[in-house]
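Trainee: Here is how the chains run, residue by residue.
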Amino acid sequence: NAGVTQTPKFQVLKTGQSMTLQCAQDMNHEYMSWYRQDPGMGLRLIHYSVGAGITDQGEVPNGYNVSRSTTEDFPLRLLSAAPSQTSVYFCASSYSTSGALGEQFFGPGTRLTVL
Amino acid sequence: AQKVTQAQTEISVVEKEDVTLDCVYETRDTTYYLFWYKQPPSGELVFLIRRNSFDEQNEISGRYSWNFQKSTSSFNFTITASQVVDSAVYFCALRPGGYQKVTFGTGTKLQVIP
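Line by line, the protein sequences are chains F and V.
Counted from 1, the first sequence has number 50 at position 50 by our numbering; the numbering is strictly sequential.
Counted from 1, the second sequence has number 77 at position 77 by our numbering; the numbering is strictly sequential.
Don't take each hint at face value.
[To be verified] Computed cross-link-like contacts, DSS-like style, restricted to lysine-lysine with a CA-CA straight-line distance of at most 30 Å: (1) V/38 / F/9; (2) V/101 / V/3; (3) V/38 / V/70; (4) V/101 / V/38; (5) V/70 / V/109; (6) V/109 / V/16; (7) V/101 / V/70; (8) F/9 / V/109; (9) F/9 / V/101.
Treat the hints as calculated values from the structure; they're not laboratory data.
Starting from the given sequences, assemble the full structure and let the hints guide the process.
Mentor: Laid out in structure tokens, this is it:
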């Protein structure tokens with residue numbers, strides 16, 4: 001299993017540009033999430049999904065869109081990039097067994113710089 | 001609302017010393033899960049432990065041990081005989097039962113000096 005994969009690893013954008021961060025998992029996990037990590041802020045939840053076709057907002061959703069058309073993929077879209085979105089982005093997935101939620105498996109991260 | 005506090009921003013210890021990383025949480029849920037993750041300098045996030053709210057038994061895994069106390073809403077992490085490879089940022093996280101939203105603490109950066 002490849003686990004959770006993210007592309008690209010690094011990206012530089014200009015203010016106003018749009019892009020999609022890709023995330024895929026091959027563990028058949030129902031739950032997927034996007035986080036951003038900023039110095040001194042820990043990881044903050046952007047959006048999450050509890051299954052294909054179901055998404056919801058996290059703590060810091062503004063400026064980001066998501067969709068979940070398949071169990072495997074959970075892309076994160078920046079419609080109009082801003083310097084405040086400069087960050088490291090992590091995608092994560094987790095399983096559920098008999099109602100018990102498991103730990104999250106994280107992708108390697110995408111380092112995004114918005115100029 | 002839920003909250004995770006890791007009051008120690010940075011800790012430095014000399015190799016072979018024991019070190020405890022503190023985690024205090026707040027939640028109104030009676031069922032919840034607590035986690036510790038390690039982020040080494042390479043940047044990936046590595047799962048260390050999960051504990052549910054009904055299991056207050058302490059756990060030991062090699063040099064790592066965890067102390068969960070519901071009475072003080074704490075889930076502390078101790079590394080015994082620290083090693084340079086333990087140098088990393090450690091995150092504590094809280095997840096209410098049945099929900100996807102996970103709240104992370106701001107992390108504690110541990111530096112182990114040889």
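Trainee: Now tell me if each hint is right for this structure.
Mentor: So, going through the hints one by one against the coordinates:
1. V/38 / F/9: holds, 20 Å
2. V/101 / V/3: holds, 12 Å
3. V/38 / V/70: holds, 23 Å
4. V/101 / V/38: Distance ~19 Å between residue 101 of chain V and residue 38 of chain V Cα, so the pair holds.
5. V/70 / V/109: At roughly 25 Å apart (the allowed maximum being 30 Å), residue 109 of chain V and residue 70 of chain V satisfy the hint.
6. V/109 / V/16: Distance of about 17 Å is within 30 Å: holds.
7. V/101 / V/70: holds, 21 Å
8. F/9 / V/109: Between residue 9 of chain F and residue 109 of chain V the Cα gap is close to 23 Å, so the pair holds against 30 Å.
9. F/9 / V/101: Holds - the C-alpha atoms of residue 101 of chain V and residue 9 of chain F are around 25 Å apart, at most 30 Å.
Of the numbered hints given earlier, the model fails none.
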